[in-house]
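Asks: Following the hints, position chain B against chain A.
Protein chains: 2
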Amino acid sequence: MINLNFHKNRIKFWFNFTKNDQSMLEVGNSYEIEFSFTQEQVNDFCKISGDFNPLHWDEAYAASTPFKKPIIHGALIASVFSKVMGMEFPGEGSVYLKQVSEFKRPLFVENTYKARFEIISTNPAKHTAEISTQVFELERGKIMVDGMASAMHADLF
Amino acid sequence: MINLNFHKNRIKFWFNFTKNDQSMLEVGNSYEIEFSFTQEQVNDFCKISGDFNPLHWDEAYAASTPFKKPIIHGALIASVFSKVMGMEFPGEGSVYLKQVSEFKRPLFVENTYKARFEIISTNPAKHTAEISTQVFELERGKIMVDGMASAMHADLF
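If you read the protein sequences in the order shown, they are chains A and B. No gaps in the numbering here: position 54 of the first sequence is 54 in my numbering, and each next residue is one more. No gaps in the numbering here: position 103 of the second sequence is 103 in my numbering, and each next residue is one more.
So here's chain A without its partners, still in its complex pose:
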């Protein structure tokens, strides 16, 4: 069964967004979360997805590539976007319509990264919003993944 404590080591940040059932989300509202993946989680993702590209799990193979170390699957990184939008910002009731993810730099296991979300535009008639979805490394704030999502939410947009 599902272990709801699985991600208790993830630290959440509330930025200028306060969850409030009465208020709609507006352009400029944002949300941040830190995340990391272990090699074990990446290996589990290999099994679930069928993506056994050795770049993700074989240290010796990865060492022979320009990446030097195993890198996290792009689709696993993108799962952070899906998780936040489905559970946190905007949260329950979101319908995920579109995701654009540009993988600008490789993400490595065990490193901690920051994902940032910001409402870029809303369409109240359609209850949809465009939300920027970005991943940064912590030390110098370099952008690792740039992107944009579209979501629908009957009450919040």
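No wet-lab data here; the hints were simulated from the structure. Wrong hints could be hidden among the right ones.
Said to hold, decoys possible - Pairwise CB distance ranges, derived in the manner of DEER restraints: (1) B:F67 - A:E26: 26 to 36 Å; (2) B:F67 - A:F67: 37 to 47 Å; (3) B:T38 - A:P124: 37 to 47 Å; (4) B:L138 - A:R140: 44 to 54 Å; (5) A:E110 - B:E40: 26 to 36 Å; (6) A:R140 - B:S64: 40 to 50 Å; (7) A:D146 - B:A154: 18 to 28 Å; (8) B:P66 - A:Q39: 33 to 43 Å; (9) A:T38 - B:G91: 22 to 32 Å; (10) B:S64 - A:S23: 16 to 26 Å; (11) B:D146 - A:G28: 26 to 36 Å; (12) A:P124 - B:D146: 19 to 29 Å; (13) A:K69 - B:G91: 13 to 23 Å; (14) A:E26 - B:P66: 20 to 30 Å.
What the hints assert, rightly or not - Within a straight-line C-alpha distance of at most 25 Å, the following computed SDA-like cross-link-like pairs (lysine to any residue) qualify: (15) A:K98 - B:F67; (16) B:K98 - A:F67; (17) B:K114 - B:F136; (18) A:K47 - B:T38; (19) B:K47 - A:E92; (20) B:K104 - A:G93; (21) B:K104 - A:T128; (22) A:K104 - B:E88; (23) A:K114 - A:R140; (24) B:K104 - B:M144; (25) B:K68 - A:T128; (26) A:K98 - B:N43; (27) B:K69 - A:M152; (28) B:K98 - A:D44; (29) A:K142 - A:R116; (30) A:K98 - A:D155; (31) A:K98 - A:H153; (32) B:K104 - A:G91; (33) B:K69 - B:Q41.
Just so we're clear, the structure is a prediction, and the values are computed from it rather than from any experiment. All C-beta atoms, glycine included, are put in the ideal place defined by N, C-alpha and C.
Replies: For chain B alone, coordinates are given in the frame of chain A:
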């Protein structure tokens, strides 16, 4: 450890693409694969991603939504794109640069779907290509996910 037999029930189709170390991939080359996900795989993905949106695992909750049944995470569907590009088409040596995924209709567990990839354009100077990434339901060929990927491959593009 990783079980390489995990996806032995997946059926692969080779379309007008023949793997050949000598030949570059060209516009119009395409690749198709059928896939499905079980509820257990979706539950495992909840754990790895931290995305416990009940829409994906709680049948009673899903029954109360317009979807009626648990739906597969978009990021898990997108893992099929990553898997094919990293392992099969173009395959080993691919660097995944970008993914656009438009979730047009929900995908349900246990159903079999077809993913289709086609080289839309190539840039031999940069060794990159744009590849359409689409998911169809089998019965009537309805499009479920529409999308486009960019990848780099030193030998094949």
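Asks: Does each hint fit the structure? Answer for all of them.
Replies: Quick rundown of the hints versus the structure:
1. B:F67 - A:E26: 26 to 36 Å: holds, 27 Å
2. B:F67 - A:F67: 37 to 47 Å: holds, 38 Å
3. B:T38 - A:P124: 37 to 47 Å: Check passed, 39 Å falls within 37 to 47 Å.
4. B:L138 - A:R140: 44 to 54 Å: Once the Cβ atoms are compared, 48 Å apart, the range 44 to 54 Å for R140 of chain A and L138 of chain B holds.
5. A:E110 - B:E40: 26 to 36 Å: holds, 27 Å
6. A:R140 - B:S64: 40 to 50 Å: Distance hint for R140 of chain A, S64 of chain B holds at roughly 46 Å.
7. A:D146 - B:A154: 18 to 28 Å: holds, 24 Å
8. B:P66 - A:Q39: 33 to 43 Å: holds, 39 Å
9. A:T38 - B:G91: 22 to 32 Å: Given a distance of about 27 Å, which is inside 22 to 32 Å, the answer is holds.
10. B:S64 - A:S23: 16 to 26 Å: holds, 24 Å
11. B:D146 - A:G28: 26 to 36 Å: holds, 30 Å
12. A:P124 - B:D146: 19 to 29 Å: holds, 25 Å
13. A:K69 - B:G91: 13 to 23 Å: holds, 21 Å
14. A:E26 - B:P66: 20 to 30 Å: holds, 26 Å
15. A:K98 - B:F67: holds, 17 Å
16. B:K98 - A:F67: Roughly 17 Å separates the two Cα atoms, so the pair holds.
17. B:K114 - B:F136: holds, 5 Å
18. A:K47 - B:T38: holds, 13 Å
19. B:K47 - A:E92: holds, 17 Å
20. B:K104 - A:G93: Roughly 17 Å separates the two Cα atoms, so the pair holds.
21. B:K104 - A:T128: Roughly 14 Å separates the two Cα atoms, so the pair holds.
22. A:K104 - B:E88: holds, 22 Å
23. A:K114 - A:R140: At roughly 11 Å apart (the allowed maximum being 25 Å), R140 of chain A and K114 of chain A satisfy the hint.
24. B:K104 - B:M144: holds, 5 Å
25. B:K68 - A:T128: holds, 21 Å
26. A:K98 - B:N43: Given that 25 Å is the threshold and the Cα spacing comes to 22 Å, the pair holds.
27. B:K69 - A:M152: holds, 19 Å
28. B:K98 - A:D44: holds, 23 Å
29. A:K142 - A:R116: holds, 12 Å
30. A:K98 - A:D155: With a Cα-Cα distance of about 19 Å, the restraint between K98 of chain A and D155 of chain A holds, given a limit of 25 Å.
31. A:K98 - A:H153: The given pair, whose Cα atoms are some 13 Å apart, holds under the 25 Å limit.
32. B:K104 - A:G91: It holds: about 20 Å lies between the C-alpha atoms, which stays within 25 Å.
33. B:K69 - B:Q41: holds, 16 Å
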